[in-house]
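Just so you know, the protein sequences line up as chains P and E, in that order.
Those letters in the first sequence? Residues 1 to 180, per the working numbering, in order.
Those letters in the second sequence? Residues 1001 to 1315, per the working numbering, in order.
Treat the hints as calculated values from the structure; they're not laboratory data.
Do not rely on the hints blindly, as some may be mistaken.
[Said to hold, decoys possible] List of simulated lysine to aspartate or glutamate pairs, EDC-like, C-alpha gap at most 20 Å: (1) 1223/E to 84/P; (2) 1037/E to 80/P; (3) 1223/E to 102/P; (4) 171/P to 118/P; (5) 1067/E to 76/P; (6) 68/P to 1033/E; (7) 1223/E to 118/P; (8) 1138/E to 1166/E; (9) 180/P to 1033/E; (10) 1223/E to 86/P; (11) 1068/E to 155/P; (12) 131/P to 84/P; (13) 25/P to 1033/E; (14) 68/P to 151/P; (15) 94/P to 155/P; (16) 94/P to 118/P.
[Claimed, not checked] DEER-style ranges, computed between Cβ atoms: (17) 34/P to 1084/E: 50 to 58 Å; (18) 1088/E to 87/P: 24 to 32 Å; (19) 34/P to 1287/E: 53 to 61 Å.
[Claimed, not checked] Partial list, derived from the structure: chain P residues whose beta carbon lies under 8 Å from chain E: (20) 52; (21) 57; (22) 59; (23) 70; (24) 73; (25) 76; (26) 86; (27) 104; (28) 105; (29) 106; (30) 179.
These numbers were taken from a predicted model, which means no experiment stands behind them.
Every residue gets a Cβ at the ideal spot worked out from N, C-alpha and C, and that includes glycine.
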Amino acid sequence: MKYIAVILLAWFTVNQAGKGIYVCKNAAVSLYSKAPIEDIDARSDIGTSVLNIANGDVAFSVPIRSFKFDKALMQEHFNENYLESDKYPQASFKGKLTEKPDLTRNGTYPVTATGVFEVHGVKQNRSITGKLMVANGAISLTSEFMVACKDHRIEIPTLVFQNIAENIKIKVTAAYIPYK
Amino acid sequence: MIMKKSVLLIALLFSAGLLKAQTAKTDSATSTDSLMKMLNVPQKGEPVIATFKATRLILSQTTETVKKNELNFLVIHRFGDIGGSNGGGKTLWGLDNSSDIYIGFEYGLIDNLNIDFGRSKFEQLLELGLKYNILHQKTDDSMPVAVTLIGKTGFKPYHVNTTVFDYYANRFSYLAQAVFARKFSRALSLQVSPMYLINNVPYPFIAGNEKNIFALSAAGRLKFSKRMGLVLDYVHPFSSFRNNSINPKFYNGLGVGIEIETGGHVFTINFSNAQAISEFNYINDTESSWGKGQFRLGFTISRIFDFNRKHKSNY
Chain P
1 MKYIAVILLA
11 WFTVNQAGKG
21 IYVCKNAAVS
31 LYSKAPIEDI
41 DARSDIGTSV
51 LNIANGDVAF
61 SVPIRSFKFD
71 KALMQEHFNE
81 NYLESDKYPQ
91 ASFKGKLTEK
101 PDLTRNGTYP
111 VTATGVFEVH
121 GVKQNRSITG
131 KLMVANGAIS
141 LTSEFMVACK
151 DHRIEIPTLV
161 FQNIAENIKI
171 KVTAAYIPYK
Chain E
1001 MIMKKSVLLI
1011 ALLFSAGLLK
1021 AQTAKTDSAT
1031 STDSLMKMLN
1041 VPQKGEPVIA
1051 TFKATRLILS
1061 QTTETVKKNE
1071 LNFLVIHRFG
1081 DIGGSNGGGK
1091 TLWGLDNSSD
1101 IYIGFEYGLI
1111 DNLNIDFGRS
1121 KFEQLLELGL
1131 KYNILHQKTD
1141 DSMPVAVTLI
1151 GKTGFKPYHV
1161 NTTVFDYYAN
1171 RFSYLAQAVF
1181 ARKFSRALSL
1191 QVSPMYLINN
1201 VPYPFIAGNE
1211 KNIFALSAAG
1221 RLKFSKRMGL
1231 VLDYVHPFSS
1241 FRNNSINPKF
1251 YNGLGVGIEI
1261 ETGGHVFTIN
1271 FSNAQAISEF
1281 NYINDTESSW
1291 GKGQFRLGFT
1301 ISRIFDFNRK
1311 HKSNY
């Protein structure tokens, strides 16, 4: 009897680790840059994210092919020439939240995630700021940050230089659901 | 006995605690990863893009279509013979002459269906056609090739070499074509294309010439940088009249060139023996030979204009 009690107790404590995990399968990721000739503006709605409140883990991933542009040719060049999506199909971030906001109360909490940001096969250590929002138990995360093409070996040939900005603004929005 | 029991209990407790510690450790390190892996179900069988950079190579049309509400404006030029009796220094190696000039428009009715119109200098040919990309190559090889069907009508509106063409119906030609292309790697794309050409009156109008010709073309592109590649293009008409004819003598079209992409434009700079740009002319009537120096400099400029209405930016 005692054994069973002990084993059960141990088992319960082990399982406690599974609490406080949130996931999102339809995170919106958009990129934008202003350039003299044409603005670049694309959006994906199938980004994925995991947020672990218990240990502060936060992860994002988005398939490069899922970005939709207004101009089909721009979308083709984005995949074929710049991001090389056949070689590097995903852009991702994996890090830890510095702050541990109390998510039982409604509010908007500024957060900072420090970790590894990977685009075009190049990993960069980044600290990215965002906002964690709690509204009646619904948790969402938004973030806006800049990515420099040269940091990720995204080459802009001199012939088309004026068409493309060297810094791209990224906006991420994820609405989470608890993971069961 | 009691001693044994308590030792066992302690051992169990200890191991449970260890188990917990281990699980917790692996949890923090991998549970986010494994969860992400689970969420990111790999997208299977996406269509392969950019098999070719443009709708044209040198002689051949590719499997590529212009997308919905886009207009592709084409200027294709062939200069005169570089060598042979019509070439050399007196014509600045053919640059003084233009054996053919083609102005073309290709418009995307939907992403995979284009309506194409063009006009050639060679025989003042007008042509109107449809091009439909019916199958896309898939990244998981569930579809190993892209297939595009082309149908077009050619019409020679003005006086041509013989009086036979005075009757208008005699000036029409028709082409049915299927293009099979595969992107083997980032650099290498190859295509083969059977074509069937129907002329209402044989062209050129010589006794024994066939009205209908079956032809096969093979073409490829090998990229040597992200935006530049080597292009090779060959067409073989299966025509016993052309094989046996002594005067004029017919040759198969062969072109070699460099393709350069600069964003909105794709340029091809090439050398070919075929004088004409349109299938209606070069399949029927290529009378110049690489061997005799009767090849020429040529170029293709392809420029895409986008007429899609922009969505409102959320910035």
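Outcome of the hint check:
no.: 1; hint: 1223/E to 84/P; verdict: 14 Å, holds
no.: 2; hint: 1037/E to 80/P; verdict: 25 Å, violated
no.: 3; hint: 1223/E to 102/P; verdict: 55 Å, violated
no.: 4; hint: 171/P to 118/P; verdict: 15 Å, holds
no.: 5; hint: 1067/E to 76/P; verdict: 11 Å, holds
no.: 6; hint: 68/P to 1033/E; verdict: 27 Å, violated
no.: 7; hint: 1223/E to 118/P; verdict: 27 Å, violated
no.: 8; hint: 1138/E to 1166/E; verdict: 49 Å, violated
no.: 9; hint: 180/P to 1033/E; verdict: 16 Å, holds
no.: 10; hint: 1223/E to 86/P; verdict: 16 Å, holds
no.: 11; hint: 1068/E to 155/P; verdict: 28 Å, violated
no.: 12; hint: 131/P to 84/P; verdict: 31 Å, violated
no.: 13; hint: 25/P to 1033/E; verdict: 14 Å, holds
no.: 14; hint: 68/P to 151/P; verdict: 23 Å, violated
no.: 15; hint: 94/P to 155/P; verdict: 24 Å, violated
no.: 16; hint: 94/P to 118/P; verdict: 9 Å, holds
no.: 17; hint: 34/P to 1084/E: 50 to 58 Å; verdict: 54 Å, holds
no.: 18; hint: 1088/E to 87/P: 24 to 32 Å; verdict: 48 Å, violated
no.: 19; hint: 34/P to 1287/E: 53 to 61 Å; verdict: 55 Å, holds
no.: 20; hint: 52; verdict: 6 Å, holds
no.: 21; hint: 57; verdict: 4 Å, holds
no.: 22; hint: 59; verdict: 5 Å, holds
no.: 23; hint: 70; verdict: 5 Å, holds
no.: 24; hint: 73; verdict: 5 Å, holds
no.: 25; hint: 76; verdict: 5 Å, holds
no.: 26; hint: 86; verdict: 7 Å, holds
no.: 27; hint: 104; verdict: 22 Å, violated
no.: 28; hint: 105; verdict: 25 Å, violated
no.: 29; hint: 106; verdict: 25 Å, violated
no.: 30; hint: 179; verdict: 7 Å, holds
Of the numbered hints given earlier, the model fails hints 2, 3, 6, 7, 8, 11, 12, 14, 15, 18, 27, 28 and 29; all others are met.
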